[in-house]
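Chemist: Got chain A sorted already, so can you dock chain B with the ligands onto it with the hints?
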Amino acid sequence: MTPTPAIMDEPEEKILTDLLRTMLLIRRFEEKIVEVYGVQDMKTPVHLCVGQEAIAAGVCANLRRDDYLVTTHRGHGHCLAKGTDPKILFAEFYGRVDGCCRGKGGSMHPVDPENGILGASAIVGGAIPIAAGAALAAKMKKTDRVAVAFFGDGASEEGTFQETLNFSALKALPAVFVCEKNYYATNSHLSARQSHDDIARRAEAHGVQAERLDGNDVVAVYQAAARAVARARAGNGPTLLDCKTYRWYGHVGPVFDYKTGCRPKEELDEWMARCPIKTFTARLMQKGLLTQVKLDRMLAETDSRVSQALEFGRASHLPDAAELTQHLFHQNAK
Amino acid sequence: MPWTKIYLDKEQMEQTLKKDGLRGISYQQAMLEAHEQAMQADERVFLIGEGIDDPGGVFGTTRGLAQKFGKDRVMDMPIAENGLTGIAIGAAAAGMKPVFIHMRVDFLPMCMDQIVNHAAKWCYMTGGRVNIPLVIRAIIGRGWGSAAQHSQALHAMFAHVPGLKVVMPATPYDAKGLFLAALNDGNPVLIIEHRWTFEAVGYVPHEMYQVPIGQSITRRAGRDITVVAISQMVYEAMKAAASLEQEGIELEIVEPRTISPLDMEPIIESLGRTGRLIIADVAWKTGSVGSEIVCQVCERSPGLIKSPVRKICFPDVPTPCSPSLEKAFYPGSDEIAQAARDLMRHQSK
Ligand SMILES: Cc1ncc(C[n+]2csc(CCOP(=O)(O)OP(=O)(O)O)c2C)c(N)n1
Ligand SMILES: [Mg+2]
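Protein sequence lines correspond, in order, to chains A and B.
Here the first sequence stands for residues 1 to 334, where the numbers follow the numbering used here.
Here the second sequence stands for residues 1 to 349, where the numbers follow the numbering used here.
A hint or two may mislead.
[What the hints assert, rightly or not] Here are the computed distance ranges between Cβ atoms for each label pair:
{"#": "1", "chain 1": "A", "residue 1": "311", "chain 2": "B", "residue 2": "214", "range": "43 to 49 angstroms"}
{"#": "2", "chain 1": "A", "residue 1": "320", "chain 2": "B", "residue 2": "345", "range": "25 to 31 angstroms"}
{"#": "3", "chain 1": "B", "residue 1": "23", "chain 2": "A", "residue 2": "273", "range": "47 to 53 angstroms"}
{"#": "4", "chain 1": "B", "residue 1": "346", "chain 2": "A", "residue 2": "38", "range": "47 to 53 angstroms"}
{"#": "5", "chain 1": "B", "residue 1": "116", "chain 2": "A", "residue 2": "137", "range": "54 to 60 angstroms"}
{"#": "6", "chain 1": "A", "residue 1": "325", "chain 2": "B", "residue 2": "214", "range": "32 to 38 angstroms"}
{"#": "7", "chain 1": "B", "residue 1": "43", "chain 2": "A", "residue 2": "283", "range": "53 to 59 angstroms"}
{"#": "8", "chain 1": "A", "residue 1": "273", "chain 2": "B", "residue 2": "143", "range": "34 to 40 angstroms"}
{"#": "9", "chain 1": "A", "residue 1": "308", "chain 2": "B", "residue 2": "15", "range": "51 to 57 angstroms"}
{"#": "10", "chain 1": "B", "residue 1": "214", "chain 2": "A", "residue 2": "256", "range": "16 to 22 angstroms"}
{"#": "11", "chain 1": "A", "residue 1": "311", "chain 2": "B", "residue 2": "23", "range": "34 to 40 angstroms"}
{"#": "12", "chain 1": "B", "residue 1": "60", "chain 2": "A", "residue 2": "38", "range": "20 to 26 angstroms"}
{"#": "13", "chain 1": "B", "residue 1": "316", "chain 2": "A", "residue 2": "142", "range": "35 to 41 angstroms"}
{"#": "14", "chain 1": "B", "residue 1": "15", "chain 2": "A", "residue 2": "256", "range": "39 to 45 angstroms"}
Since the hints were made in silico from the structure, they are not lab data.
Using N, Cα and C, we set each Cβ at its ideal position, and we do this for glycine too.
Just chain A, same shape as in the assembly (with noise of 0.2 angstroms):
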């Protein structure tokens, strides 16, 4: 075992404007839904992950490309941020030929194998293990591979979450369990689900290591996964962020859920303030790292990469009839 790397010192130039890129990204992919949507063609239940995005964009800067990643119903900022190219991510929700899933998927299930991306359970808890086969898998073929597994706050409620972090400890497997805290499941709060909101103190319970932060700060997450992902390629365990979020859509689909009365809007609106790309541009602008010009420019930058995937899946045709009955099995094991 080698020792783990100390606290990182605040991240580089050129990490923070990556950081805030990906952030954009997923920010200005996800509106991109919302503003088709209505259209009523991209025929696939959206959960969508604006307010979240701090989390994909610092986790994902300190994974490798061979890395893995498993992610669930809420996980197309998770695939960005590792890379995935949003042509893909589209094609699939339009259920095209050319999505990441040939069709079969649809949003609650991308997958991105050259990126490291395994695939998404819709299925709550469900892929939470299969992160830490992964890591079991890297650590058997003697790589120095890290698995992530990202899930919610709901989540870890289920024994998969608890069955895994006992058998990760035990096995100091390489893997790093990201709770997106954002305190719903469905419209329920988590107060009526959880005695407690130390999703943390769970994990130390089994022997993980965790780390609590602030979810909206894109700083400290890459800060605490860097240390995590450290301790992961050293042989030195599993690590669990507990990270506070807010999601500001409705559970799935396009539209504020205080509308139909499931949250308060007073909650959204002090989230929205608390905004994590709003805040770190602030940040960046203030330390003179940025300008708004700069900014108008990577935003301008980011939406015609957007529009150009969002033609592309649009543009690719929809399977026929006879790939129904394809991809039941492998065909090809060597």
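Modeler: Frame of chain A; chain B with the ligands shown alone:
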């Protein structure tokens, strides 16, 4: 009988029921009324499920009940299906009547251990000393790219397990009546509903009543072919029957309503007249309830069937997301009608 009738649209229902001064409501309203009356009548009844107290209220079937009965009896829960099923089993064993509600059937596999190894076994294993009056509701999803993990039915898996009863009401009348019968049964009863039947309308009495578990029903009389239609497929079968009528082909439609225990009598009786069998289900073909039905027919009176049997089921693959593949995946009235024509042609050869 007004309570056996299937209405293909609201207008048709209103015209028929108005004459007799009968009330017509939707499946969703019937379910809601059944829950409300059951809770009013018996304070042992409580509901538990993820988000059942939210404004959506399980597609309207629990809407407003938390306000009426309080959150102790309309209980939201952690996302922990297996453990909570065990907790519901324990509460049932100790004298409560829990109703555990899942928004999707796909979440039942999470509870497989508690349902299959515990709820289904407890009465037998204890020599009948401790029974489990537990009702579990779960809803089949469909459409808009619900995809592989939000659209399964799985009733055949549960029907395989002795000690469980499995009901699949398709009409508003049966939704209320079978729910109340399930609550009164004293055993674990799984109610599998189809989301696409929630807007279906029909006659539903105000008062509490029960539809006996384990009784099939003949929805439509017809000379030529027996169609056993499960859950939402009963509507597809009715549509197919309406269009085939013009071609001179008559379908007789039997709806099992209860999958386990399965009432074969009306099916056998109908086959005695038609000699032809189509089974339409909202699930995969292999190892399906249809397979069991055919087997029971063959065990009892193999001579009844005079042409090949057709199963109108999902192809044996998970549900795809893409609209073009979804379309290819789901069979409906057209497929039933085509199968019926094939069978009739087979006979004239
Ligand atoms: C096993 C299971 N139970 C219930 C559901 C329905 N469901 C889908 S998402 C969700 C909430 C998940 O909450 P959380 O884990 O906090 O993730 P978030 O949606 O907040 O990102 C629920 C209950 C499901 N998909 N799987
Ligand atoms: Mg959540």
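Chemist: Work down the list of hints and note, for each, if the structure agrees.
Modeler: Right, here's what the structure says about each hint:
{"no.": "1", "hint": "A/311 to B/214: 43 to 49 angstroms", "result": "violated (56 angstroms)"}
{"no.": "2", "hint": "A/320 to B/345: 25 to 31 angstroms", "result": "holds (29 angstroms)"}
{"no.": "3", "hint": "B/23 to A/273: 47 to 53 angstroms", "result": "holds (51 angstroms)"}
{"no.": "4", "hint": "B/346 to A/38: 47 to 53 angstroms", "result": "holds (48 angstroms)"}
{"no.": "5", "hint": "B/116 to A/137: 54 to 60 angstroms", "result": "violated (30 angstroms)"}
{"no.": "6", "hint": "A/325 to B/214: 32 to 38 angstroms", "result": "holds (36 angstroms)"}
{"no.": "7", "hint": "B/43 to A/283: 53 to 59 angstroms", "result": "holds (57 angstroms)"}
{"no.": "8", "hint": "A/273 to B/143: 34 to 40 angstroms", "result": "holds (38 angstroms)"}
{"no.": "9", "hint": "A/308 to B/15: 51 to 57 angstroms", "result": "holds (54 angstroms)"}
{"no.": "10", "hint": "B/214 to A/256: 16 to 22 angstroms", "result": "violated (47 angstroms)"}
{"no.": "11", "hint": "A/311 to B/23: 34 to 40 angstroms", "result": "violated (52 angstroms)"}
{"no.": "12", "hint": "B/60 to A/38: 20 to 26 angstroms", "result": "holds (24 angstroms)"}
{"no.": "13", "hint": "B/316 to A/142: 35 to 41 angstroms", "result": "holds (39 angstroms)"}
{"no.": "14", "hint": "B/15 to A/256: 39 to 45 angstroms", "result": "holds (41 angstroms)"}
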